[in-house]
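Protein chains: 2
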Amino acid sequence: MALRIAALAGGVGGAKLAHGLARCLAPDEFSVIVNTADDFIHFGLAISPDLDTVLYTLAGLANPDTGWGRKEESWQVLLEVEELGGPTWFRLGDRDLALHLERTRRLGQGETLSSITAEFSHRFGVDHRIYPMSDDPIRTFVKTDAGWLPFQEYFVKRGCQPIVRGFEFRGCKQANPAPGVIETIEEAAVVVFCPSNPWVSIDPILSLPAIASAVRTKPVLGISPIIAGQALRGPAASMYAQLGIEPSALAVAEHFRSYLSEFVIDREDEQLSQKIQELGIQVAVLDTIMRSEDDRERLAGEVIAIARQMLQGG
Amino acid sequence: MALRIAALAGGVGGAKLAHGLARCLAPDEFSVIVNTADDFIHFGLAISPDLDTVLYTLAGLANPDTGWGRKEESWQVLLEVEELGGPTWFRLGDRDLALHLERTRRLGQGETLSSITAEFSHRFGVDHRIYPMSDDPIRTFVKTDAGWLPFQEYFVKRGCQPIVRGFEFRGCKQANPAPGVIETIEEAAVVVFCPSNPWVSIDPILSLPAIASAVRTKPVLGISPIIAGQALRGPAASMYAQLGIEPSALAVAEHFRSYLSEFVIDREDEQLSQKIQELGIQVAVLDTIMRSEDDRERLAGEVIAIARQMLQGG
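Keeping their order, the protein sequence lines are chains A and B.
Residues in the first sequence are numbered consecutively from 22, following my numbering.
Residues in the second sequence are numbered consecutively from 22, following my numbering.
Looking at chain A on its own, in the form it has when it is part of the complex (with noise of 0.2 Å):
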């Protein structure tokens, strides 16, 4: 029996069980929706750092060592850009690049951020669909104790050093969501939420007040980004603790008690089981870290074996 899901993704750790999902799953059965509102503007090109750590990863490209970025990548740009005095807290690869130019230029033309995915989904030969949240511009705002700061600034420039107190995802209240994002939450049998950052990979996803009504017709299964009390990757434990939240997979089970059907924690986290359960949600308790790719695609399929367990009312 074909079993659709559409997953929620940001960057590296949604990217991996993405991947994971797309090895087991046919391309009508797998789309993944990905966060934009940690997209912005660089040197005038528009870069959109979660879809194409998935496009990436999807394709077989992704750089495995940071897992953002190309592998067999070039830094002639960059280095000439410091020659220069520029900037390169961000760090752009010549072929990285190329995709920002290319996206930019078909912006430019009018085309969107949906459709412009589409084709470098199709030139990559990716064949499942990876749909940006929206094709209007969202923006992560990161409240902090040195004020408001856009979220690459945040993020990369100032290394998330900053002390966090709150987020806003400016314009999600304006925007809509990309064509074919709520028919694929629609269509699918159950809503997976990736491994990624609760509070500015998932959250902006579901800022869209369509997306996120659609989502709640759903199953809906969460994989815990967070083990043993720390992020894998990224700042989610410590956004959580400086929000005066103790960081843990109840901790996100809790963020995401409206949504979440069941929840797959990680072994070292077994001992959480019952208090999420006492929230009315389901527990799995899995191997979730992905070293490798056979990782991706083992915990891939332990996820569609409890989501088909889901469906048949386990």
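None of these hints come from the bench; they were simulated from the model.
There may be inaccurate statements among the hints.
Heads up, the list lumps identical chains together, so a pair's fine if it works in one copy or across two of them.
As the list claims (entries may be wrong) - Derived SDA-like pairs: lysine to any residue, alpha-carbon spacing no greater than 25 Å straight-line:
1. K92 to P108
2. K239 to Q298
3. K92 to L253
4. K296 to P268
5. K178 to R144
Please read these numbers as outputs of a predicted model, since none were measured by experiment.
Given the coordinates of chain A, work out where chain B should sit on it, guided by the hints.
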């Protein structure tokens, strides 16, 4: 005795003579004012082809084979743009791209093209001032048998194939000369028209009324870009022919008749001397082809000597 020269220049030919003049004269004796009407936006980036050719040439960074672009260049980005199905008709090398990125970023922050050019010159160790003719957008459009075309579309994308019927420098009447341009002309003893395309390199500079007025108060020494009826490069000669004018150094002298005090023609065109003198323009006959850097310096030295004679009422 110090001799101040202000030169008007377009791309490759103008840049070569400007380079020679910069090797012969001190930074306070020589400045160059460069055409920006062939500037354009490509991939969202602000590109200034003539300005960059002059900058790279004076910095010793120009590609000696092409005359434009940078030496020791790599092409990783453009190769990847091609993979993505993007346009590659405008050859953007990796190092060259860095300049466009950083210029675009600075323009976006509200800096002016002239201040950015001064900063780049400083970074590249160029002590002579390179002025864009204006910080305001002026754009050459070419009227052709295929309709009005933006300059780069005519020049590079279509390889000068459409038949030329005329030119417009859109925005020239509203534009102000860049800061320092008028002062540089006023303080010059002689204004030099470099051997650049009259129609699309020098005319656009003179299309700014304030520049034209300032130049008219000065002795002007021109160097013919047309030798034996041919342009060394570019479409200058075919433009004359398509506009119904026999291409020749004489045609260029007539073109600039209202400005020129003296005109340098190549030895191959010596027989045109009398007809040019009949226009009321003094003539000097020189070897004007600059094959080597030494040629640039030799021609520049001869141009400077002629300028001195002009001032001595020779």
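Now the hints, each set against the structure:
no. : hint         : result
1   : K92 to P108  : both (22 Å within a copy, 23 Å between copies)
2   : K239 to Q298 : within (19 Å within a copy, 88 Å between copies)
3   : K92 to L253  : within (21 Å within a copy, 44 Å between copies)
4   : K296 to P268 : within (14 Å within a copy, 88 Å between copies)
5   : K178 to R144 : between (31 Å within a copy, 24 Å between copies)
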